[in-house]
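Undergrad: One letter stands for each residue in the lines below.
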Amino acid sequence: MTARVENGSLEFPPGASDSSPGGPEPGQRLQAILRAGHFAVTTELPMPDSADPQCILRRARAFDGWVDAINATDGSGANPHVSSVAASAVLARAGYCPVMQITCRDRNRIAIQSDVLGAAMLGVGAVLCLTGDRVGAGDHPGAKPVFDLEGPTLIDAIRRMRDDARYLSGRVIADPPRMFIGAAENPFAPPLESRPQRLRMKIEAGAQFVQTQYCFDLPVLAEFMRRVREMGLDEKAHILIGVGPLASAGAARWLRANVAGVHVPDALITRLEGAHDQAAEGRMICVELMQQIREIKGVSGVHLMAFRQEEWVAGIVRDSGVLGGRKPARSGAGSRD
Amino acid sequence: MYALRSWSATHADLLQRFYAVFERALARADPLFRWVGYDRLERPVARVEKAVKGLLFDCRMCGQCVLSETGMSCPMNCPKTLRNGPCGGVRGDGTCEVKPDMRCVWVEAERGRALMQPAGGAAAISPPVDHRLFGRSSWLRAAREQAASHGVRP
Chain Z
1 MTARVENGSL EFPPGASDSS PGGPEPGQRL QAILRAGHFA VTTELPMPDS
51 ADPQCILRRA RAFDGWVDAI NATDGSGANP HVSSVAASAV LARAGYCPVM
101 QITCRDRNRI AIQSDVLGAA MLGVGAVLCL TGDRVGAGDH PGAKPVFDLE
151 GPTLIDAIRR MRDDARYLSG RVIADPPRMF IGAAENPFAP PLESRPQRLR
201 MKIEAGAQFV QTQYCFDLPV LAEFMRRVRE MGLDEKAHIL IGVGPLASAG
251 AARWLRANVA GVHVPDALIT RLEGAHDQAA EGRMICVELM QQIREIKGVS
301 GVHLMAFRQE EWVAGIVRDS GVLGGRKPAR SGAGSRD
Chain G
338 MYALRSWSAT HADLLQRFYA VFERALARAD PLFRWVGYDR LERPVARVEK
388 AVKGLLFDCR MCGQCVLSET GMSCPMNCPK TLRNGPCGGV RGDGTCEVKP
438 DMRCVWVEAE RGRALMQPAG GAAAISPPVD HRLFGRSSWL RAAREQAASH
488 GVRP
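Chain order of the listed sequences is Z and G.
Using my numbering, the letters of the first sequence correspond one by one to residues 1 to 337.
Using my numbering, the letters of the second sequence correspond one by one to residues 338 to 491.
Bound conformation, chain G alone (with noise of 0.2 Å):
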């Protein structure tokens, strides 16, 4: 929803805190997810995700979410779909320069990044998205990496 999207990227700092500790508890929940099956928790969990991040942040499902790059700005909303924004058509009102209704997604990603920890731009490029990933959970990917990377696997 567009008005809660907006909202999101204001609030960026507290959506942060509060999925760090969500990652982490789906990190360690990765046990569990391999006893049930990955492939079995795909659909009912990215059902869920798609209504929570839907609601919170227009998600559109990529599969590699980037939120936490991004200010809490889905980039997948920005008409060009850019993952390096923002393009240099941007309105001199800071609108879309294909939906004039719209904010750039891009400069609301700006907004978001400045009240998150660490403050400021990206680093590096982001990678072209891939589209076989799309509708898939980017939460059951997370977990599986991040329990890879803090070994929790053995």
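In isolation and in its complexed conformation, chain Z is listed as follows (with noise of 0.2 Å):
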């Protein structure tokens, strides 16, 4: 069932993306675990800047056994990688269930529109829409921004290429896409108090499950959940909340600067100061954190971004035990070369 690589060509077994008899098809299965009313658990691959497919898988197989999906990310941070298309469609060839992310900030609705149609043929099943950072972020500042779509107005867009199989210019689409549609949100920036509105007007949109930006602050997350389930959207749609394990209380200080809308109390920031292996200590906020969040009403999982400690993804996961024993499914495991 895997790739191989020939020649720095890659080779697709004939039937790669087909399921076992029974289950999903690999870029379903994010939707069918939340579906089934099971605590999900989704994490980030940093996209490499290789053209060699194995870069990829060879960091996927890391994780195998402990998330239900792996995000490929699209030009984070405003820098140039591996597509996320190109890494998603690898990654469902070999089995795994890819969430797409989708930024509005280098692309116009024509190309987009295209993408997502082009992901659905390559197997990919999820997508999840993004604004995008700003084009100053990244290391080609000079850029020119697009901004032709937004998270919303992508994910409406998306809906229609889906139920109504036409584009936004109302053109017919022969075959639909099938895709679960992702919005994503920041319930710490401000305005605080809009942000459970925003939620709504995306999931109204269509958007069927969300990923949240990194959550350091139980308090602010405790408020925005209530006023969540207020509002009925944890049924609407599945909420996973985003945690990682700071690297140290420098990586703190530079991610609150640095990336927008990451926001660490001061309180974490001394907590990490005062340990004395700070990665340890980072990695046991983060699982305490999780485990925290498993406990708050309405949320459906977890979205672990372990920025630069992805090998430490695996043993989160165990440690925190909000998978409560459940085995999410290895892709090709044992057919791997």
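Any given hint could be a false lead.
The calculated lysine-lysine pairs, modelled on DSS-like cross-linking and capped at a C-alpha distance of 30 Å, are [unchecked claim]:
hint	chain 1	residue 1	chain 2	residue 2
1	Z	297	Z	327
2	G	387	Z	144
3	G	436	G	387
4	Z	144	G	436
5	Z	236	Z	297
6	G	390	Z	144
7	G	390	G	436
8	Z	236	Z	144
For the record, the hints were derived by calculation from the structure and aren't laboratory data.
All values reported here derive from a predicted model rather than from experimental measurement.
From the two separate chains plus the hints, produce the assembled complex.
TA: Right, here's the structure in full:
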């Protein structure tokens, strides 16, 4: 079932994306898990700067058995890497469930709709719709920002493609894409009071699951979820809370100063500073947060973003116990060379 | 002008009342506009509109004005030109992710919306911008649409 690399090109064995009898196709796995009522764990895979698909598959292997889906980022931090369409296709063909991230910073509505159709053709079954970080955040600050679409209108466009089999222009799509549509939300950025309404807007536009920005502040999350439950949004969409291990107090400070929308409370930084092994303390904080988030009513899972610490994902998920003994489907296990 | 557009958001209720009267007048002027010719009026009216709205709102003449839905805070001033903002990158003090010396256009919009009638957030999503309309007069567009919807036109 694995893709083989021959003379630098990617060979897909026939039927590589077929699932085992009775199970969902890899691309649909996240939707199946959430619909069955399980607490899901998703994670993010850093996109390589390489034309070798093995770079992706090697990194993904580290998550085997511990995550339900893997996000392929799209121009993360406004830097070019392997495109999320290509990376998602490689993951899907290898039996993983990719969540293809789409930002609106770099492409207009024509390109985006084309990419969605292409991704569906290659076995991708889930997308995360993001507006996108500013161009200035990356290593190509002189690039022209697009932002023809944005989070909510992107969600709406994909829903129309799937349910109405039409592009935004109204033109018919012969075979519509099957997509599980995700929205990003940041309950921790101002204006805090309007974040639940924003989530409602995205759900009404078609969002079926949500992955939030990093949560380091439980009281703010608790209040957000309280209002979300009040509005009945937890019953309309599956909400996965973003978490991640802080490598050190310095890393925490850098994160909150440089990554848009990340808010780290001073108390956490102080705790890290006082620790003998800051990295281990950061992982412990992540585990604790995951366990506490697990107890919040209305939360359907966590989205673990272990920036530059991907090798710790399996251990963090295991130590947190949030899967409750469930073993997410491994992809291609036993058939890998 | 930045200072003035902040003022506009904090006086959204006043501007809303003024615009309601203005829009009614525009709709009533539809027969006159049709007699002169909407196409002929486009350039002079757009010039005046740009001057006035530019001063009050830093209007970018997108041609599909939604100020009455965004608390009198023009969304085209957002560096990402979000029509359904705010994005997730708003800084802790309410300033813009891209331009930290500026208040987030959508934080200002929330402030303005709270003052307007009916108060509260937008119901439906605002559609993507039609870039063909840039530079065109939203006032004339409103005159045509209001006249048509109120049955002023036979």
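Undergrad: Now tell me if each hint is right for this structure.
TA: Consistency of the hints with the structure:
At roughly 23 Å between alpha-carbon atoms, residue 297 (chain Z) and residue 327 (chain Z) fall within 30 Å of each other, so this suggested pair holds. For the suggested pair residue 387 (chain G) and residue 144 (chain Z), the alpha carbons sit about 25 Å apart, so the restraint of at most 30 Å is met. As the CA atoms of residue 436 (chain G) and residue 387 (chain G) are separated by approximately 24 Å, the hinted pair is consistent with the 30 Å bound. Proposed proximity of residue 144 (chain Z) and residue 436 (chain G) is supported: the alpha carbons are some 16 Å apart, at most 30 Å.
Restraint check for residue 236 (chain Z) and residue 297 (chain Z): the C-alpha separation of about 14 Å stays at or below 30 Å, so the hint holds. For the hint linking residue 390 (chain G) to residue 144 (chain Z), the alpha-carbon distance of about 26 Å falls within 30 Å, and the restraint holds. Distance hint between residue 390 (chain G) and residue 436 (chain G) is fulfilled; the C-alpha atoms sit about 22 Å from each other, no more than 30 Å. Between residue 236 (chain Z) and residue 144 (chain Z) the alpha-carbon distance is near 36 Å, which puts this suggested pair outside the 30 Å criterion.
Of the numbered hints stated above, the single one contradicted by the structure is hint 8.
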